[in-house]
Amino acid sequence: MRLIDRLKSGASQSGYDPRIPPQGGLDRDAYNRIKTMVHLKLVERLDIATVGDLPQQELAVVIRHVLEEITFTRDVPLNIGERSDLIGDLMDEILGLGPIEPLVRDESVQDILINGYNRVYIERQGLLKLTPVKFRDNDHLMQIIDKIISAAGRRVDESSPMVDARMQDGSRINVILPPLSLIGPVVSIRKFGKNPITLDQILGDLTMTGQMNLFLKAAVRSKLNILISGGTGAGKTTLLNILSGYIPRDERIVTIEDSAELRLNQPHVVSLESRLPNIESKGEVVLTDLVKNSLRMRPDRIIVGEVRGAEVMDMLQAMNTGHPGSMSTIHANSPKDALSRIEVMAGMGSSSFSEIALRRLVASAINLIIQITRLQDGRRRIVSISEVSRMKEERIELHDLFVFRQAGVDDGGGVYGDFLGLGDPPVFSDHLKSYGFEFDPSVFSYELKVGYSG
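Its first residue numbered 115, the sequence shown is counted upward by one per residue in my numbering.
Accuracy of the hints is not assured; some may be wrong.
Only pairs whose alpha carbons sit at most 20 Å apart, straight line, appear in this in silico PhoX-like list of lysine-lysine [stated by the list, open to error]: (1) Lys450 x Lys506; (2) Lys547 x Lys337; (3) Lys261 x Lys248; (4) Lys547 x Lys331.
Honestly, the hints are just simulated from the structure, not real lab data.
A quick note: this is a predicted structure, and the numbers were derived from the prediction, not measured.
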């Protein structure tokens, strides 16, 4: 969006007449009238031809200086605190994302959920909260949506009322407009944190235990194929990032994602991202295309951010044909559900596998399924690590190695329960041993109580 468009955006909104002075106390309507008046004066004062090509930081200094000059006049009946708030709001409006700009900057906010112009929720520490943030009206909200979506090279309007895109900082945004939405524009922003969650944080929050971590590190290093299963917001991608860090630095890794979120620190990483069709419905590149192409790129490991469709068949065959140690995530409520979803997704493609042949392919391709869950108190926990052991009576058999069993919820809403090692070593113990990983039996047989009061 051009600077002149950003400056004019919102300068005359909601029928406010800037000539009408506020009456009595400074309510929201009066504040918005003054804000509109100052915004219009800013547009008149700035020389767009001069400042239009300035870098963002220099432009911000110029705009702030002009705003300070405008607000410190008798035409703007505000005290010092109100003037400071007004300048901050207008800076966010012109150079940022309006009312939600402070939420975007707040590192503790994980999701921003906008349900129409007057209800903005955030997720912080796994819990949803309603904020006092509001837009002036749905037109104001649409201006912010247009600013975000146009910067991503996409469009959204009545003819194309849904869009999924990536913001400039890597965060994901989904927008759905009326008439599909009955409450006005609905926006969901999954933020992409500047500081990725570390292994120390995962262990400190007891997302998993030290024993689980040792085992998973050995599983990654010994090139077992791993599937991470969980619901929306459970932490699947975060866990995939952590486990990917265990891949040796001398291996060539190809990552495949719909929206690039993985952050691998190894030196030899090739990142691929799918592409949606353009306005003419051309140019689409789906995950299936990328998975097939990745096999020609001489990868040591293939990491698919999330399997959602027919690409699962290509991934399974890659795991079975010279690319061990591959990893992916899947939306599912349990390891069994994950296997069922794989069967369903495999049927979306053009493969002619029978049901039994497909299950045998899955059983031979996937070694471990990790189930991660967001509990009702907002904490993320690995609730099971299961090995895919063998086929039995034409069904895939799963064997739990580690579990978290919820025992209850305390008076403060905190979940308590027990991490358990179930006693049996995995069937691929000899495989781990061949890579130099030999575990004491205590790693697979222990109990750790967490969250119990007293």
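Now the hints, each set against the structure:
1. Taken as a hint, the Lys450 and Lys506 pair is honoured in the structure, with Cα atoms around 14 Å apart against an allowance of 20 Å.
2. Note on Lys547 and Lys337: the hinted pairing holds, with a Cα-Cα distance of about 12 Å set against a maximum of 20 Å.
3. Proposed proximity of Lys261 and Lys248 is supported: the alpha carbons are some 17 Å apart, at most 20 Å.
4. Restraint check: the Cα-Cα separation between Lys547 and Lys331 comes to about 13 Å, which is no more than 20 Å; the hinted pair holds.
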